[in-house]
Amino acid sequence: MDANLTDNNIEKVTSNLGEDFVVVENLVKYFPVRGGILRRVVDHVQAVDGVSFTVKKGETLGLVGESGCGKTTVGMTMLRLLDPTGGSVKIDGANIYDLDKHQLKEMRRKAQIIFQDPYASLNPRKPIGDSIIDGLDVHKIGTPKERRQIMVDLLKKVGMEEYHAHRYPHEFSGGQRQRIGIARALALKPDFIICDEPVSALDVSIQSQVLNLLQDLQEEFNLTYLFVAHNLSVIEHISDRVAVMYLGKIVELAPSDNLFISPLHYYTQALMSAIPVPDPEAEIDRIILEGEVPTPINPPAGCRFHPRCSAATERCSQEEPQLTEYRPDHWAACWNVQI
Amino acid sequence: MQENNDRPILEISNLRTYFHTEDGIVKAVDDVNFHVNAGEIVGLVGESGCGKTVTSLSIIGLVSAPGKVEGKIDFNGRDLLKLSTKEISEIRGNQISMIFQQPQSSLNPVLTVGDQITEVLHIHQDIEKEDAWDKAIEMLRLVGIPSPEKKVHAYPHEMSGGQAQRVMIAMALILNPSLLIADEPTTALDVTIQAQILDLMRGLNKEMNTAIILITHDLGVIADMVSWVAVMYAGKIVEQTSVADLYAEPLHPYTQGLIGSIPILGRKKHRLDVIPGVVPNLVDLPAGCAFASRCNRKLEICEEKMPELIVQKPRHEVRCWLYQE
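Protein chains in written order, with full-length UniProt numbering: chain A, 1 to 339; chain R, 1 to 325.
Chain A on its own, in the form it takes in the complex (with noise of 0.2 Å):
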């Protein structure tokens, strides 16, 4: 195919989609670390630090990288699950740091969050109906009677049954009780859904049914998804873009397709290259990273991945490299991005 084609494509499938809904800028997430005998504060773990992004309406942006990347905690602090230490979090254009309790409530209708352990989400002594139409109650929405049928409408809309609404949490399967969490997501009627790991916990027989349960939602209602994970084939299967998280910092951002064919940063290619691929044939050129994350409570100067990158220089180790735009809309943070 002739490049300026493939360009000319991307560039189409990014504008098709509308304005910015959620914008995030430079947002910082550190947790301070106690030690002593008073307890106090002697460091601080950097969780999330400078991240910014932002999410197009009906657009489903990817955030992938390791445990302890942070990627979780974006999550967390976007919904103001988490207070922040820094920055700002616009959701359909107000920032949710400025939201009185009243407003709060009205934008965590509007925004919710589907976690990896549904179980552990999800009260083990109430039946799930009942957890489903709690939201419900809480910002009173519909009749007692037009609430059950919400709930119903619910369940059959995520391939339940509506006997199903009886039972317990611990009567159903992972994968059930993962369509139970996102029936319970949707009941607010949300405009944004942060999917943090839905479906790392899941078969992969079932995995494949909740994911094409989610595209098939989003399409329907025309949902935003903050999707998070760790798998990569996973992010790739379901994202338009994809950030990429090494440390509490984003140091790839790029359309899917962009991405995954061509990565720019040398984390990322690592990242792709350890993935065993089903397929004996395939000749993978496998990079093996050295070495393992080093700790977020002291990260290493100048550009966190130096340590374990084969390109490092000198000036990786003392100057921290800022998210640069190589190609329309593909953005990488890295000295010595090969074009």
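Just so you know, the hints here were simulated from the structure itself, not pulled from any lab data. Hints may contain errors.
Unchecked claim - As a list, the in silico DMTMM-like pairs of lysine to aspartate or glutamate whose alpha-carbon atoms are at most 25 Å apart: (1) A:Lys56 x A:Glu106; (2) R:Lys269 x A:Asp240; (3) R:Lys269 x A:Asp329.
Following the hints, complete the assembly by docking chain R onto the known chain A.
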């Protein structure tokens, strides 16, 4: 590759592991047959509850009541199921070792790494304390632990998940066993660390000629590591063949569905294939093929009778009515 002239070190025939519970008999492993040649890596793949872990626990003699193991597990000419507790514990850790999914919880939190590695030596060999420590340090170096003479004094909580798994591997391989059973060894690890551990296992397999049974749900890991693979579903092997044949021409509809349902990096498709429904309850299995209710190529007979595992073509066995005469 499983050729006839290879020497099997492990031959499992008609293995049945049933758990007699109050709710009924759980047929966790039901009529499983496969063998492992010296130095070969064999994969057992399947979803949660398919019986892959119970198969491995049966081999190593770790199934306890209400579980009951029947059949034959021939290891170098001895039937492991006929051995006394003392005899099997002499083999366990010495000739057959096992590593688990959660390395941190398989290690003793109050003993140093060195204490735990040398314990294996002291149990199976008459060895001086200093020599055992030297051997432990040497083994830690072999599995790629940086500054092993320091790390040998570390406690498990001072190690990352990847390092803990390396320690487990060191402990499992220190007596140079002829068979290592690895049960989801990288499932709890990040992908870049997984790549390191798989690389290590591949190297040790070549260097020490240790045969490996690799148990995983990850078809990518299987393609990457093994030469022969058995696919399990609801306690039974539904297909087994060389890894190249499995991916080039999967025969069983379950295998086909499984391969179609995983997203593959760089081969994006609009929608994933789906296997509808869920795995049946092992207490109350249907009369016919356990996969029939989820199968898109179901025949009438499938719900009535369980098909046999037949050789459909050379070195490719499948348990499905579509291929039976």
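So, against the hints stated earlier in the document, which numbers end up violated here? none
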